[in-house]
Amino acid sequence: MGLMSRTSNVVRAWISKLLDRAEDPSVTLDYSYERQREQLQNVKKGIAEVVTAKKRLELQTQKLETELPKLDGQARQALAAGREDLARAALERKAFAQQQLQGLDQQITGLEQQQEKLITGEKRLAGKVEAFRTQKETIKAQYSAAEAQVRITEAASGIGEEMADTGLAIERARDKTEQMQARAAAVDELVEAGALEDYTSGEGHLDRELAELTQQSQVDEELAKLKGELGSGAAKKELEEEKR
Amino acid sequence: MIVRLMGEGQYRVDDVLIGRLNELDDRAQAATDAEDEPTLDRILDEMAALVREQGEAMPDDDLSTSDFVIPPSDLTLDETKRLMSHEGFIPGIA
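These protein sequence lines map, in sequence, to chains S and L.
Residue 240 in this note's numbering sits at position 240 of the first sequence, with consecutive numbering throughout.
Residue 38 in this note's numbering sits at position 38 of the second sequence, with consecutive numbering throughout.
Derived from the structure by calculation, the hints contain no laboratory data.
Warning: the hint list may mix true and false statements.
[To be verified] Restraint ranges, calculated between C-beta atoms of paired labels, are given here: (1) D175(S) <-> D26(L): 48 to 56 angstroms; (2) S5(S) <-> R12(L): 13 to 21 angstroms; (3) D26(L) <-> S144(S): 21 to 29 angstroms; (4) P38(L) <-> K70(S): 37 to 45 angstroms; (5) A186(S) <-> K81(L): 24 to 32 angstroms.
[Claimed, not checked] Calculated cross-link-like contacts (lysine-lysine; reagent style DSSO-like; alpha-carbon spacing at most 30 angstroms): (6) K176(S) <-> K17(S); (7) K44(S) <-> K81(L); (8) K81(L) <-> K176(S); (9) K44(S) <-> K55(S).
Don't be surprised by glycine CBs; every beta carbon is placed ideally from N, CA and C.
If we strip away everything but chain S, and leave its shape as in the complex, we get (with noise of 0.2 angstroms):
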């Protein structure tokens, strides 16, 4: 058996479980389109969801964009003072948070097209609710027993299709959404331990040390300030209290 015939049996078990839940015709109708808005809710929560973890990877890249000048300027500073060790390691931490940055991007693109789908998933389904509906009228007024017994499954089935075509939809934006936002607690933590570096130079505390550096250059700077400003006021002041 092909894969075309496999995917039809596995969509005919899961309608067939579907309409074996109520015996009643009638009860199979209104039973049937209870679960169909149903459906409809879940695929604009699926929706939601997607969006919502779209959103947080959005921040994560503006997160990790403003690191790179950051770093940037940390390499810069560490090569000036003639640590090409601490240069090398924020721009290796740079090199990895550009990576993190790519793999972003992919996720983003992914999550825009769960979120395309769905939303062309759920027209239709709200399409086939609705059609549902009409008939659901018609089948209680006109048909006696026997035929609306038919004509309830064929309708059932048909909808039942489009409602496992959304449910694999939404069940599958679910996994991606939830692969989503562990990988982006990860990159969060590493972001906020300021522990990127670990994954790339093996070497801790380069925050402590290129902190140290500017804080170095900072009083070198200040340092040279005050002599400066000595070198006139303090000269001047001790010719004075010599003259007296």
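Once you have looked at the hints, place chain L on chain S.
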């Protein structure tokens, strides 16, 4: 006959196209058995493209059931197996 492209909707197709789809389908099954995902994806894309080009898209409010269902090419091999194994990849009716 009616073919559903999962995630895209239903199309009415003629018997000639069904014949071609069946040929491709055999190859898709072989690729699945051989765990050859790139080949499987390519064949599924080809099948979907044929249906889109030569089939007639059915309106959203049509309640007909499909004769065949073609899974989407962006499923991973693992996802395809889960779908086939009835392990509830399509969420169950609770």
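Status of the hints after comparison with the structure:
no. : hint                                   : verdict
1   : D175(S) <-> D26(L): 48 to 56 angstroms : 29 angstroms, violated
2   : S5(S) <-> R12(L): 13 to 21 angstroms   : 18 angstroms, holds
3   : D26(L) <-> S144(S): 21 to 29 angstroms : 44 angstroms, violated
4   : P38(L) <-> K70(S): 37 to 45 angstroms  : 41 angstroms, holds
5   : A186(S) <-> K81(L): 24 to 32 angstroms : 27 angstroms, holds
6   : K176(S) <-> K17(S)                     : 27 angstroms, holds
7   : K44(S) <-> K81(L)                      : 27 angstroms, holds
8   : K81(L) <-> K176(S)                     : 17 angstroms, holds
9   : K44(S) <-> K55(S)                      : 17 angstroms, holds
Checked against the numbered hints above, the structure breaks hints 1, 3 and satisfies the rest.
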